[in-house]
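S.K.: Start from the sequences and build out the full structure, keeping to the hints where you can.
Number of protein chains: 2
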Amino acid sequence: MPKRGFYDRETIERILDEALTCSIGIVDDGQPVVIPSFHVRVGDEVYVHGSSAGRTLRALAGEAPACLTVMLLDGLVLARSAFHHSLNYRSVVVFGSFDPVTDTDEKLHALEALTEKLVPDRWEQIRHPTRQELKATSLVRIGLQEASAKVRTGQPDDEEDDYARQVWAGVVPTRLVRFPPDPDPRLSAGVPVPAALGSIVGSA
Amino acid sequence: MPKRGFYDRETIERILDEALTCSIGIVDDGQPVVIPSFHVRVGDEVYVHGSSAGRTLRALAGEAPACLTVMLLDGLVLARSAFHHSLNYRSVVVFGSFDPVTDTDEKLHALEALTEKLVPDRWEQIRHPTRQELKATSLVRIGLQEASAKVRTGQPDDEEDDYARQVWAGVVPTRLVRFPPDPDPRLSAGVPVPAALGSIVGSA
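Order-wise, the sequence lines are chains W and G.
If you use my numbering, the first sequence corresponds to residues 1107 to 1310, in order.
If you use my numbering, the second sequence corresponds to residues 1107 to 1310, in order.
Incorrect hints may have been included.
For chains that are exact copies, the list does not tell them apart, and a pair is met inside one copy or across any two.
Listed next, the in silico DSS-like pairs over lysine-lysine satisfying Cα-Cα at most 27 Å (straight line) [stated by the list, open to error]: (1) K1241 <-> K1256; (2) K1241 <-> K1223; (3) K1256 <-> K1223.
Hints were generated in silico from the structure; no laboratory data involved.
M.R.: Okay, structure coming up:
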């Protein structure tokens, strides 16, 4: 079976941590709304940054049922038949509801985790939020109590009769790659590229 | 303004066409459910393949309100302050409802488009669906009447006072990359890698 469900916390956490972005689902007056957003897991909680979602994310922060989904595309699965073409992926779906993060320390801690997820060691180098900026930052969190993962790996699962066909079959691996950094034209003279940035170039 | 909304069809179509995967939002008994899936745009319609969503996608095929969202992550925006860290992205949100695709010709045409989206010229090389396989394939479609795009590009939008800071700022470009194909161990001897696969390696 190439497609499998997982409920163990380690698999779920690894997928959530590798995914840079997520999709948030809420219901707005009967209408499902899926908002792309940016998240970070800290322990048993997933924090989602509010600015990307604006009004809708603010509406989230109640007891309304919600869903957070991430997907990592790992490859294109090219089978011998149209029917068995597929994708290799790892996904996580979290059900629950979002709580607003109002405690200043928790907010700062989550912002630090979000920043460090982009680039390790960045938090120490940048200007931290002012009280006003913190107030303008909306963060919500959802727990991992109701989370599951789904994974497909490996080669196509062709019909036995099709294996003899003279057609190429296999997997085209895919990955989100970081390319060499493009410095801000207004960068202060003599500021070097952070070591952490050098090391991630070309990796996942 | 680095973040902007777009409603022109060309921008919307280009994003939908570049994105390999999408997130589908539906409401299941009051609970929002976001399902990662695989889509292709054909004219004014977006077709979504059913096998990835199983039971839930079958439930979709009614008049229930739905949402289809895609997001392309284009870069990490590293600002001088924590507050202005951001992501460059292009996203599309489509509201509407999904209709089941029942017509055989439309189904075949959509399957061809889905396959060709993975690898150009593939449809001609593979075994086409049998009547039984077609029956087992569920496809739904949603129109583009209510679609909008959101795009963030470019460098960080820092506070004027922060530009003098001695901290690296700029953009780390990101892109989903296809890596060299991994052939199925059961591949028939002497079958070459398709030309279309060679040409996409390393590109978006």
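S.K.: Next, verify each hint and record whether it holds.
M.R.: Going through the hints against the structure:
no., hint, result
1, K1241 <-> K1256, "between (37 Å within a copy, 25 Å between copies)"
2, K1241 <-> K1223, "within (22 Å within a copy, 44 Å between copies)"
3, K1256 <-> K1223, "both (23 Å within a copy, 23 Å between copies)"
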